[in-house]
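From just these sequences and the hints, can you work out the full model?
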Amino acid sequence: MSVLIDSLLAILAIYLALQCLLAQRLIQTVFIFFAFGLALALTWVRLGAIDVAITEAAIAAGFMGVLFLDALRDFSPAVSKKQQNLEAVRNPLPGNDTKRPILPRLALGLGLVLFLLISLEAVWNTPEGKGLTVVTGVMLPDSGVEHPVTAVLLNFRAYDTWLEIGVILMGLLAIFAAGGKEVYRKSGMTAEDPVLRQVILFFTPILFLFGAFLLYFGKSGPGGAFPAGVLWGAIGILLHLGGRPVLTVIPRWLLYLILTIGPGFFILLGFLLMTTGSTLFEYPPAYAGILILIVETMAAISIAAALTAIFTNLNQMSEEPDKIESNN
Amino acid sequence: METYKIYILTSAVLFVIGIGGVFMARHFIKKIIATVIMGGGVFLCFVSFAERDALTFADPVPHAMVITGIVVAVASAAFALALARRIYQLTGEQSFPIDK
Amino acid sequence: MMIKEIITVILLIVGCFFFLAGTLGVLRFPDLFSRLHALTKADNLGLGFIAAGMALHIASPWAVLKILSIWFFTLLASSTSCYLIARFQKEKEQPTDRKEGE
Numbered sequence: 001m002s003v004l005i006d007s008l009l010a011i012l013a014i015y016l017a018l019q020c021l022l023a024q025r026l027i028q029t030v031f032i033f034f035a036f037g038l039a040l041a042l043t044w045v046r047l048g049a050i051d052v053a054i055t056e057a058a059i060a061a062g063f064m065g066v067l068f069l070d071a072l073r074d075f076s077p078a079v080s081k082k083q084q085n086l087e088a089v090r091n092p093l094p095g096n097d098t099k100r101p102i103l104p105r106l107a108l109g110l111g112l113v114l115f116l117l118i119s120l121e122a123v124w125n126t127p128e129g130k131g132l133t134v135v136t137g138v139m140l141p142d143s144g145v146e147h148p149v150t151a152v153l154l155n156f157r158a159y160d161t162w163l164e165i166g167v168i169l170m171g172l173l174a175i176f177a178a179g180g181k182e183v184y185r186k187s188g189m190t191a192e193d194p195v196l197r198q199v200i201l202f203f204t205p206i207l208f209l210f211g212a213f214l215l216y217f218g219k220s221g222p223g224g225a226f227p228a229g230v231l232w233g234a235i236g237i238l239l240h241l242g243g244r245p246v247l248t249v250i251p252r253w254l255l256y257l258i259l260t261i262g263p264g265f266f267i268l269l270g271f272l273l274m275t276t277g278s279t280l281f282e283y284p285p286a287y288a289g290i291l292i293l294i295v296e297t298m299a300a301i302s303i304a305a306a307l308t309a310i311f312t313n314l315n316q317m318s319e320e321p322d323k324i325e326s327n328n
Numbered sequence: 329m330e331t332y333k334i335y336i337l338t339s340a341v342l343f344v345i346g347i348g349g350v351f352m353a354r355h356f357i358k359k360i361i362a363t364v365i366m367g368g369g370v371f372l373c374f375v376s377f378a379e380r381d382a383l384t385f386a387d388p389v390p391h392a393m394v395i396t397g398i399v400v401a402v403a404s405a406a407f408a409l410a411l412a413r414r415i416y417q418l419t420g421e422q423s424f425p426i427d428k
Numbered sequence: 429m430m431i432k433e434i435i436t437v438i439l440l441i442v443g444c445f446f447f448l449a450g451t452l453g454v455l456r457f458p459d460l461f462s463r464l465h466a467l468t469k470a471d472n473l474g475l476g477f478i479a480a481g482m483a484l485h486i487a488s489p490w491a492v493l494k495i496l497s498i499w500f501f502t503l504l505a506s507s508t509s510c511y512l513i514a515r516f517q518k519e520k521e522q523p524t525d526r527k528e529g530e
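Residue numbers (this note's numbering), protein chains in the order written: chain V, 1 to 328; chain L, 329 to 428; chain Y, 429 to 530.
Honestly, I wouldn't trust all of these hints.
Quick partial rundown of chain V residues pointing at chain L, CB under 10 Å, derived from the structure [to be verified]: (1) TRP44; (2) LEU47; (3) VAL113; (4) PRO148; (5) THR161; (6) ARG197.
Covered by chain V, per the in silico footprint, the following chain L stretches (three or more residues, Cβ under 8 Å) [stated by the list, open to error]: (7) 365 to 372; (8) 413 to 420.
To list a few chain V residues with every Cβ distance to chain L over 10 Å, as calculated [said to hold, decoys possible]: (9) LEU67; (10) ASP142; (11) LEU280.
Since the hints were derived computationally from the structure, they do not count as laboratory data.
Don't be surprised by glycine CBs; every beta carbon is placed ideally from N, CA and C.
Printed below as a string of structure tokens:
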């Protein structure tokens, strides 16, 4: 029975991945991508990785899907009529694909099949290893938390986690550089709708509470800074879409402070610990629990702010051409 | 057949689908989604091996790496989307031109 | 004990049936509004049955509360998104109507 469920889930994931790339319209691609993310989340549950499942469902399926959906406002057929005409002039023949020579496609197909066989063989015949389960189990009592994944994330491999919060910030900086907005404006998309406004107001405290619960629960079970950060980020995104863009309200210095407080506090704590004679991020076992909780809270706040800012910047990108045209 | 073996095979298939998508897909968004699917295959491989090495709990190190990996994948996908939208705004292109 | 399990199984089967019906509706119904109708109504009912079945199966007060809150929030979110999609579609189809109504 369990083999049946696993096989069905695996086939579903592969089918959705294929459909996602083969779909004719972009909106189909994006919605199948949502479904693919959720199928993967179910897969993580089957493999006993509940933390990964929560993160996948929240960030990979939820947040990333929302980003893609938002991008469709730029690329949707109605908007890109002008672009289609442009392309029609450039490539008079309809169906560019048929113009492609057959040989490279054949080579690519053969290469992919070969690569598939090699990777199947590689993953199937991977030599047995012990992994790091035993080591983690032995060290777990010293980590200050009961949940092994949180112990690895925030204590044993804290340096990686710190760098990775930095990667989100780098992503945000790169988006700024790629033409994001320095000045945040009201989106005004659906601001007047009373139902949406009320529901968002209703969900805001609940999302906050649920994020705080996940944050605190992370020490003894699946949860922690990343799911909590995404839930809090979802508040910012919802408020932005509901016509109350938080980033226009808070002053710029405060936004920068919130964005950097997570990694900043994290690394500061690491250096402070070094002054007491231990190595970087080596918490004293007696205080490890409370230190991890504080670090996680700061990290979650920064992640939430970064995700909100990423979404707001991308969301405002498509509004730029109108502004340019009106200036002209 | 144990659970993890099914998913290990799935991970290889997903990765190859992703690679195929990166090469074959025309539109920027599809290319970006293809890289995300590739990433999904890699994560699936990691978590499957974590399940193989499970004792009382599954190996937490791959789990932690996958969680961080997902977040990094999202950050890079967001950046790629920003670039794609910027390219579209400036040039009107929705995909890379075929001819050199 | 047996009766409880039987009721759980029945609730789950009924829930799955409504999900199936809702999915069929989404696939077969002709336009967006009837599809939304099938999706939100039938699926929410199905989710309600499955939640009730699981609550009966677990039968610990906190877990039951959590399951019920999941059901409640899903209900709220899905009906709101249904409303928003329907409103968007209506505005797209007949933009003048809404202005007269306001």
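Going down the list of hints, with the structure as the test:
This hint holds: V:TRP44 has a C-beta 6 Å from the nearest C-beta of chain L, less than the 10 Å allowed. Interface hint status for V:LEU47: upheld, as the beta-carbon distance to the closest one in chain L is roughly 5 Å, under 10 Å. The criterion of a C-beta within 10 Å of any C-beta in chain L is met by V:VAL113, whose closest approach is roughly 8 Å, and the hint holds. The closest approach between the C-beta of V:PRO148 and any C-beta of chain L is roughly 4 Å, which is under the 10 Å cut-off, so the hint is satisfied.
With a least beta-carbon distance of about 6 Å to chain L, the hint placing V:THR161 at the interface is held under the 10 Å criterion. Using the Cβ-Cβ criterion of 10 Å, the hint placing V:ARG197 at the interface with chain L is not satisfied: the shortest such distance is roughly 27 Å. Counting residues of the region 365 to 372 of chain L whose beta carbon lies closer than 8 Å to any beta carbon of chain V gives 4, which reaches the threshold of three, so the coverage claim holds. Requiring three or more residues with a Cβ within less than 8 Å of a Cβ of chain V, the coverage given for the region 413 to 420 of chain L holds, as 5 such residues are present.
In this structure V:LEU67 is not separated from chain L by more than 10 Å, as the shortest Cβ-Cβ distance comes to only about 6 Å. With a closest Cβ-Cβ approach of about 15 Å to chain L, V:ASP142 is found to remain outside the 10 Å limit, as its non-interface label requires. Every CB of chain L lies more than 10 Å from the CB of V:LEU280, the least distance being 17 Å, so the non-interface label holds.
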